[in-house]
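Chemist: Chains as they are written, first to last, in our numbering: chain E, 4 to 259; chain L, 4 to 259.
Heads up, a few of these hints could be off.
Each pair may be met inside one copy or between any two copies, as identical chains are not told apart.
Okay, derived cross-link-like pairs now, DSS-like style, lysine-lysine, Cα gap no bigger than 25 Å in a straight line [what the hints assert, rightly or not]:
id, residue 1, residue 2
1, Lys92, Lys7
2, Lys220, Lys232
3, Lys220, Lys256
4, Lys7, Lys175
If you are wondering where the hints come from, they were derived from the structure by calculation, not from laboratory data.
2 protein chains.
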Amino acid sequence: MTEKPTILIANDDGYRAKGLRKLTDLMRTIGKVIVVTTEKVNSAQGHSITMTEPLRYHLHEKGEDYEMYVCNGRPVDCVKLGYQVIMDKNPDIVVSGINHGSNASTNLIYSGTMAAAVEACMDKIPAVGFSLDSYSPDAYFDHLDGYIIDIVKNVLERGLPDRVCLNVNFPKYDPENPIKGVRICHQADGRWIEVFDRRNDPSGKEYFWLTGYFEEKDLSEDGDQYALKNNYVSIVPTSYDWTAYFAIDTIKKWNL
Amino acid sequence: MTEKPTILIANDDGYRAKGLRKLTDLMRTIGKVIVVTTEKVNSAQGHSITMTEPLRYHLHEKGEDYEMYVCNGRPVDCVKLGYQVIMDKNPDIVVSGINHGSNASTNLIYSGTMAAAVEACMDKIPAVGFSLDSYSPDAYFDHLDGYIIDIVKNVLERGLPDRVCLNVNFPKYDPENPIKGVRICHQADGRWIEVFDRRNDPSGKEYFWLTGYFEEKDLSEDGDQYALKNNYVSIVPTSYDWTAYFAIDTIKKWNL
């Protein structure tokens, strides 16, 4: 590539997030960067989009080959606005994150970070979502620099298969247990066991906070949960084709 | 099954929707029915959940072997609340819809209707999302009765493969062109071409409405778009495992 690549960044933790700042700093070392991020934290917004309220955005900050816009919508709105309104052509790559919290296993299903990448993928733009296995707002990210640059450069040079984006998850920083390498994985099975925290408001009316914990169901060596737990970076090639091809013949036999 | 099956119904068009009423009436002919639906229309909310606001619900109406609850959350919240708080055990099946609007092809990705089914599927409850290829609030649904009953009875009797739920889409009613039958399909490729409708508010500030049109990219005979366009019911076995298995070897060769 002779010219610097154009890189569109989105996330779901909002414009103040440390993970977004880290990803922006890294991407500015290799390309022209446009960030379109959200005013508010948009965790667990999945692939939602904003259709019943008007969208607004404004230029939040600017530097050499760099602009950051803040939008009142969700992560998917940000990506769409980015390459369809703010930029005059599609970026060479969309990167999303770095999310504060793992999007490995079925966490992916709820993830705004990955929804932003999937949206770009549907528009045939190479896309990668990055997430760190730590919810701390002040999480340490510096151990990821080389991995992120490497992955983005590979995608820019090689492209990605049709309908495929990457879901990249990093172990959190542990000085006594450094990252061992990278594994290309499948999405492990798992689920959130919800706990509805039942309370009463000052007028006595019942309400619930949704909370819970994650139950791992697949720690096989090829899965992303195994990789993360064993201090590897996990990369899952991820598709927006959700067809369960293996089940088609079974259902065909039903004589519907 | 000696006892009547318990059926949990969700949707994303809210408690007033005609499609929900139709599905409820149909399910009451074969089982004990709990409906947990939303106050507001929740189209295009994808797999979003409510974590930063408290959830509330109330009993909206009641009949023989039938209760309808209305909740302030999204479709996925409704399903979770349904079998974890409102019901004392998991239902025999979760059905979602009937959505006013197609969820075939990549419409699935944005769909609250299908997110409700996918959520149940992650919890190993058989689940089916039903959608009609018409956005009209007053759409005609009576041509679907036999198909819906048939599909639900089959799922109740046979179960579904692990990690698989069904995405069922119906052609809209056309008296001169009746439904020809059922096809088991793959999810066709396609995408929304967004049009951001740029306007100015009374104080002159710019805002955007997200709108657009759907571009079909795959009308192959095995795809769900082909089935719908040719007046077949399309059933896509749908998985929450989004791994692009075919791409794993390619990415492994990158030497990351």
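Chemist: For every hint, state whether the structure bears it out.
Modeler: Verification of the hints:
1. For the homomeric pair Lys92 and Lys7, the shortest alpha-carbon distance inside one copy (14 Å) is at most 25 Å, but the shortest distance between copies (57 Å) is not.
2. For the homomeric pair Lys220 and Lys232, the shortest alpha-carbon distance inside one copy (13 Å) is at most 25 Å, but the shortest distance between copies (39 Å) is not.
3. Taking the closest pair of Cα atoms, Lys220 and Lys256 never come within 25 Å of each other, the shortest separation being 29 Å inside a single copy and 28 Å across copies.
4. Taking the shortest Cα distances, Lys7 and Lys175 never come within 25 Å of each other, neither inside one copy (31 Å) nor across copies (49 Å).
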